[in-house]
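There are 2 protein chains.
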Amino acid sequence: MKLDAAFSALADPTRRAILARLAQGEATVMELAKPFEMTQPAVSRHLKVLETAGLIIRRVDGTKRPCRLAPGAIAEIDQWLNMLREALARNYDRLDGVLAAMQHDWEGKERS
Amino acid sequence: MKLDAAFSALADPTRRAILARLAQGEATVMELAKPFEMTQPAVSRHLKVLETAGLIIRRVDGTKRPCRLAPGAIAEIDQWLNMLREALARNYDRLDGVLAAMQHDWEGKERS
DNA sequence: GCTTTATATAACATATTTTTTATATAACTG
DNA sequence: CAGTTATATAAAAAATATGTTATATAAAGC
Chain A
1 MKLDAAFSAL ADPTRRAILA RLAQGEATVM ELAKPFEMTQ PAVSRHLKVL
51 ETAGLIIRRV DGTKRPCRLA PGAIAEIDQW LNMLREALAR NYDRLDGVLA
101 AMQHDWEGKE RS
Chain B
1 MKLDAAFSAL ADPTRRAILA RLAQGEATVM ELAKPFEMTQ PAVSRHLKVL
51 ETAGLIIRRV DGTKRPCRLA PGAIAEIDQW LNMLREALAR NYDRLDGVLA
101 AMQHDWEGKE RS
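If you're matching them up, the sequences are chains A and B in order.
The numbering of the first sequence is the working numbering, which starts it at 1 and goes up by one.
The numbering of the second sequence is the working numbering, which starts it at 1 and goes up by one.
Worth double-checking, as some hints may not be accurate.
[Said to hold, decoys possible] One-sided and incomplete, this derived list gives chain A residues near chain B with beta-carbon spacing under 7 angstroms:
1. Phe7
2. Ala11
3. Val29
4. Leu88
Keep in mind the hints are simulated off the structure, nothing from the lab.
Don't be surprised by glycine CBs; every beta carbon is placed ideally from N, CA and C.
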């Protein structure tokens, strides 16, 4: 299941930063690595994770491997999240949210 | 950063299944555990992960702890994903996708 | 009050992830 | 061709995640 890989890839802040950078356009591995206090191999691995998850694609340009966002990147993720969105919307329509706020035996935090 | 916890929580299939179940309404720990070939403590831990990530909330009902989807569950996630959505839409508008498909030096898979 | 039910926590084993250093490869440069 | 540049891969250490069994807690039922 690709959802595992996709969500897992997004769970890492470095990888999200890489995606945010790619949102502005293509970039090579070195360009992507520069902002991070991390070695190049580490970034290479993050890119592999993103590629395997279907979030980015890479092309070959001489000795460089420019990366971009994969066109269908978040399609599957979005589809799954829609299920939750709809459920949350339904709950809201039923005013479950309001009721929950009123009956204060709901805990927003943890009790220990 | 809560995004880490949220995406990380969603990366596990058991936890996504739990959320899918909760999308149909409140459920107790035992009810949630039943479909899985997993011990109750394992499910308890998954629920804690989901709660910490802000994806579910729990109330106290006697000895039971019924769970629901947290109202704002995917708000932060959605906000972040919007950045990507917009970038992808921009790329599409510029026909970057089409161009990429034409210049076949783009690899959809991996080369080894 | 004692037993059962619902859930949590602890201790621990195993698996996975993340990062590092060292090295390989392959394409440019002069 | 020799050296440099861009990137990948391997090996290994450290951190984290996931599941198990055993046990604790607290409310419910008799």
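Hints and how they fare:
The beta carbon of Phe7(A) comes within 4 angstroms of a beta carbon in chain B, closer than 7 angstroms, and the hint placing it at the interface holds. At a threshold of 7 angstroms, the smallest CB-CB gap from Ala11(A) to chain B is about 4 angstroms, leaving the interface hint in force. Because the smallest distance between the Cβ of Val29(A) and any Cβ of chain B comes to about 15 angstroms, over 7 angstroms, the interface hint for this residue is violated. Checking Leu88(A) against chain B by beta carbon gives a least distance of about 6 angstroms; that is within 7 angstroms, so the hint holds.
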